[in-house]
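Q: Okay, here's what each chain looks like letter by letter:
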Amino acid sequence: MTTFVQQSLNGLTIGMIYSLIALGYSMVYGVLKMVNFAHGDLCVLGAMFSLTLLKATGITKGRLNIIEVPLTGARLLLVLLMVFLGGMLCSAITALIIERFVYRPLRKASILTILISALGVSISLENLMMLVFGREMKAFPSLLKKSYFTILGATYSNLQVAIAILTVILLMALFYLVNKTTLGRCIRAVAEDKGMAGLLGIDVNRTIVAVFALGASLGAVAGISHAMYYGQTYYLTGYQLMILGWASAVIGGIGDMRGCVIAGLLIGLLEAVGGGYLPILTGGLLGADYRRIFVFLALIITLALKPGGILGKPEVIVKA
Amino acid sequence: MSSYQSDKATSGPQGSGSNKPSQGWRALAGSTRLKQVTLVVMAVLLLALPRLISSGYWMRVIDIAGLYVMMALGYNLMFGYTGLFNLGFAAYFAIGAYTYAMLASPLHGMHLAFVIVLPVAVALASLASYLLGIPSIRLVGDYLGLVTLAFAEILRILVNNLKFTNASYGIMNIDPIRLPFFALRTVRDYYYLILLLCVAVYFVIKRLEQSRIGRAWMAIRNDEEAATTAGVDTRGMKLLACAIGVAPVGLAGAIFASMQTFVSPESFTSRETWLIIAMAIVGGLGNADGAVLGAILLTLLPEPLRGTPLESARILFYGLLLIIFSLFRPQGLLPRRQGTEKDEAEQKI
Numbered sequence: 001m002t003t004f005v006q007q008s009l010n011g012l013t014i015g016m017i018y019s020l021i022a023l024g025y026s027m028v029y030g031v032l033k034m035v036n037f038a039h040g041d042l043c044v045l046g047a048m049f050s051l052t053l054l055k056a057t058g059i060t061k062g063r064l065n066i067i068e069v070p071l072t073g074a075r076l077l078l079v080l081l082m083v084f085l086g087g088m089l090c091s092a093i094t095a096l097i098i099e100r101f102v103y104r105p106l107r108k109a110s111i112l113t114i115l116i117s118a119l120g121v122s123i124s125l126e127n128l129m130m131l132v133f134g135r136e137m138k139a140f141p142s143l144l145k146k147s148y149f150t151i152l153g154a155t156y157s158n159l160q161v162a163i164a165i166l167t168v169i170l171l172m173a174l175f176y177l178v179n180k181t182t183l184g185r186c187i188r189a190v191a192e193d194k195g196m197a198g199l200l201g202i203d204v205n206r207t208i209v210a211v212f213a214l215g216a217s218l219g220a221v222a223g224i225s226h227a228m229y230y231g232q233t234y235y236l237t238g239y240q241l242m243i244l245g246w247a248s249a250v251i252g253g254i255g256d257m258r259g260c261v262i263a264g265l266l267i268g269l270l271e272a273v274g275g276g277y278l279p280i281l282t283g284g285l286l287g288a289d290y291r292r293i294f295v296f297l298a299l300i301i302t303l304a305l306k307p308g309g310i311l312g313k314p315e316v317i318v319k320a
Numbered sequence: 001m002s003s004y005q006s007d008k009a010t011s012g013p014q015g016s017g018s019n020k021p022s023q024g025w026r027a028l029a030g031s032t033r034l035k036q037v038t039l040v041v042m043a044v045l046l047l048a049l050p051r052l053i054s055s056g057y058w059m060r061v062i063d064i065a066g067l068y069v070m071m072a073l074g075y076n077l078m079f080g081y082t083g084l085f086n087l088g089f090a091a092y093f094a095i096g097a098y099t100y101a102m103l104a105s106p107l108h109g110m111h112l113a114f115v116i117v118l119p120v121a122v123a124l125a126s127l128a129s130y131l132l133g134i135p136s137i138r139l140v141g142d143y144l145g146l147v148t149l150a151f152a153e154i155l156r157i158l159v160n161n162l163k164f165t166n167a168s169y170g171i172m173n174i175d176p177i178r179l180p181f182f183a184l185r186t187v188r189d190y191y192y193l194i195l196l197l198c199v200a201v202y203f204v205i206k207r208l209e210q211s212r213i214g215r216a217w218m219a220i221r222n223d224e225e226a227a228t229t230a231g232v233d234t235r236g237m238k239l240l241a242c243a244i245g246v247a248p249v250g251l252a253g254a255i256f257a258s259m260q261t262f263v264s265p266e267s268f269t270s271r272e273t274w275l276i277i278a279m280a281i282v283g284g285l286g287n288a289d290g291a292v293l294g295a296i297l298l299t300l301l302p303e304p305l306r307g308t309p310l311e312s313a314r315i316l317f318y319g320l321l322l323i324i325f326s327l328f329r330p331q332g333l334l335p336r337r338q339g340t341e342k343d344e345a346e347q348k349i
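Here the protein sequences come in this chain order: G and A. Every letter in the first sequence is one number past the one before it in this note's numbering, and letter 97, counting from 1, is 97. Every letter in the second sequence is one number past the one before it in this note's numbering, and letter 229, counting from 1, is 229.
So here's chain A without its partners, still in its complex pose (with noise of 0.2 Å):
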């Protein structure tokens, strides 16, 4: 009885959207002057910020948290708004790397603009996700969770062995990516281009929570069962949700493959994939919000460690966040703000 009224809550064609003023552009008019001023303050910071930081090492660690942001809003995606476990997210940003590595960089001595090697990238991680999704879309939880992560060992054996993507030496000299008048060469010139996607994918997943299909994959999230009866296509929103939820880390990885001008299968193992679910988990399951903050709390929070002892506990310190969040705080920091309260204290994922 309860689960058919939670569900009523948040599913229902007035649902969670009649409770609060959507947000997005929206709610940035009809909010208090508070969070305007707020958000005002936040832009001319996240602005003025090349300028106010003078080590290009900061600077680089900055971008990465930015690429970060946009994969970690991807698993939120995924995990936080439809409940797909995915264990394999470091395969979608290898693809995004590689496609760009082969298609700008004289391995194949191709040199296209970015303007098609960007959307080529996004598109075929979304591909890979998509039909990686039909065969196994139906199965629950965990078992997903191996498929995915099949895929992604598939996948890394591939890139580690074939001639065409070089094999374990990687690829070099990638293109970096060139502007009408001028190109971006450094982290500074980079900054700008990941803020700005960034705000863009934000926004789009924002509003794609907001929406009709947002709604649909959170019904299925809280009961699948309940969602099918009240009319939702479950399996293409499924589907959908795979195909959207990779976007954003294909279009990371192809940044990162032109910021850095070297992949390799290195850089792409699983570790990225525990990385990217910790900063989903410690900032909050289901709250875009959340998970920009875990992605940036988890990129800095440690960088302070490197060059001391305690630089190779790194991972060690993630595994124990994801222990402790699992135990006392399930929810996140920030709790996504769905449904009743009681809600929220019957399903604390």
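Just chain G, with the same shape it has in the complex (with noise of 0.2 Å):
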């Protein structure tokens, strides 16, 4: 029961993680009908600039990045800001730059060349970061003192909790702004129709714009939510981050935002307690390291079985 719960709580906490990042493929494809394969990298980007933050105004020192004079107060809540300010700031406007030089031109291409310039963004970003920010693990700070508490038997930590309530405030925020301002509204139409939204009188493009810079943003934050969960980053999380939030999107029904946010948490919840019961019903033949193996198995499932997503249309991506 104290593993069920245990791997549970953790399960959520790394699920609104996913929740988060597949939120920016639904946004993307709703918008533009593609795939944005570099979403994952542009979240682990926001870390890798975060992290470089931290260490260019010295809170964090030495190739370990500990943060020597615990931060309390007024300056916790400032370097929080920074932190994720600057790496939204960041995978936003690198975001930007993806849209106008490669995926704009390219909007009325073949689908499946635009999927293979966004293959060559993803791999070509990688690469960047690696050259910019290096090849090794990096080990991340969590800013918060650790601190952790009892619930049913299962610990769960203030970092944990933290996590939850960001994502909760952005998901509302997020909900907020899609169905009730203007811009929103806009998204909306877009998604709808692309040309009729024009013919409305809709900037398409500043919606366009905006979504990537939403996106972006929203995965930048998962990013180093993530980072800080594992206390650590590389350049290549980019990819687990892309397979698992773009399979979230999908087994949610794409362009479905609710149904993303639910993927999310039960893929989270998938593998953390898949993960957790694993070697203790193979009595230890099996470890924790097959635990993506239920996510991908799921997704395989969802899309024979329900190929809309649990909540999603199916017309959209099956054919005959």
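Read the hints as simulated data drawn from the structure, not as lab findings. Computed from a predicted model, the values in this text were never measured in an experiment. Check before you lean on any hint, since a few could be wrong.
Selected chain A positions facing chain G (in silico; Cβ < 8 Å) [said to hold, decoys possible]:
#	residue
1	P135
2	V147
3	I154
4	F164
5	P180
6	S270
Ideal placement from N, C-alpha and C gives every residue a C-beta, glycine not left out.
Assembly of the complex is requested from the two constituent chains, each provided in isolation within its own frame, with the hints serving as guidance.
A: Here it is in structure tokens:
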């Protein structure tokens, strides 16, 4: 029972991060009908950049990025703001550059050409990050002074609570933005029908730019949270985040924001609970290394049985 | 209206085949003298290559280029002819290599002859692709890509952790390929085997392209609904493309394992898949000659960078090539020659 509660709590935390990434995929897919392969790398770019900021300002020191003076009060708040806003800004600007110089000229090209260009962007970005930030795994400080508390026999850290609260606030803000504001109406209109939206006087390009910036910013938050949660970041992490975020978006029904959030949480749970029980059930024969297999099997099964995702519409992605 | 016409031009019974004489041996017989001379010169050069190159290092690079030629041809068949977007090619490379490694190495104490192991490796790769295709083949474009990517990840996790495959340690002391009188030991010996297999794969794929099956594949790529209406069994044909397209990849994997005498999960990351995709795209999708050119160019071009500080920018080079070609020349260096010029302008990939 304790294992179950513990793994569920862990799964929900990581699932929230996946939800944020999945939303980035889903929103870009909504307006451009393309999968932005580079999204996972944009998430990691946010984390890498904020780590560089931490180092440059002298808050963390040494190869292991240790925080020597514990952060408290207003200083902690300022540092957190710097880390998150810096990361978001860096990811968003990169996303806009990619959109302007690669995806926009290709908007009328065949879908396969666009996919290939997105793949090119993704591997270029990974390699660039390796060249700029280095090829080693980097320690990422959690910034918060660690404290733990117990719920139903399971330990929960303040970092996990912080990630959960941050995600919920961001999700609420995003849903408000998309459903209640003018920009949100434009985004929904462009997702529905670009041509018609343009005829009605909506600036389609500006809307798409806004979606890219929003998606990348959410991704950067997810990337930074992920780095804090695992205490490390690595230039190839984006590849894993790409598959997991994309899988969440697809399982939830791509283009469907509620579905993405639910699917992200489900995938987090599946990974954590599955990974937690596998060594116990098989007597240590199969370790937690196999946990991602559940996620990928769930993806293949979902696409085979309900290709539109758990909440989506099937006709978009299946032929004949 | 226009899509209906273009479809008729490529998939109809008198489609592309009648515009140009069919390629392959018949084309050789019917082609101009210049073409024949070029082919003969090329054949002589290819056969004499090991005599002209003294460095074993470059010989290995050329062997590896040959393996990539086979894989790019397979990718071209799946993506270029049939339009199936596969992001998991590294998985089939791994299946071929690991099948060979497990059946002909001290790991399980099995030392089967290569005439048995090679077909088994190819068959297993094809079977895996076919079985994965059964639930997923109806998905379009990027979704099929995601499923194949997920499959490759599952396989990588398994190979990296199972005791059966010796986990992340890899498999060592893999048997070389033994012919009746001698064993292939050096990269020079392997060159001739790889050359032979490349030529064989090339001609099989060329013949398939010209056949009813190839025309069905291209009809599916151009317009799946129209192909169905025209009586093409689209599901069966796509599954066939899945199975045949990865066969050369499994073959290349098996040869790779015996040539290296060592395999580990490190050699089969997604990076291999991206590389194969870049080769097929740069060469020209839907054209077997393009795949060959792309594979050779992209293996040889970055080689001079080795040892320089630019070496770690190798992947960046492939990534930028993909972007540049998508933007400025989506049809690749050697575009496909099927259909009318109008078709080519319309469907640039």
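Q: Each hint should be assessed against the structure and marked as holding or not.
A: Hint check:
no.: 1; hint: P135; verdict: 4 Å, holds
no.: 2; hint: V147; verdict: 6 Å, holds
no.: 3; hint: I154; verdict: 5 Å, holds
no.: 4; hint: F164; verdict: 12 Å, violated
no.: 5; hint: P180; verdict: 43 Å, violated
no.: 6; hint: S270; verdict: 7 Å, holds
Figure legend: structure checked against the earlier numbered hints; hints not met, in rising order: 4 and 5.
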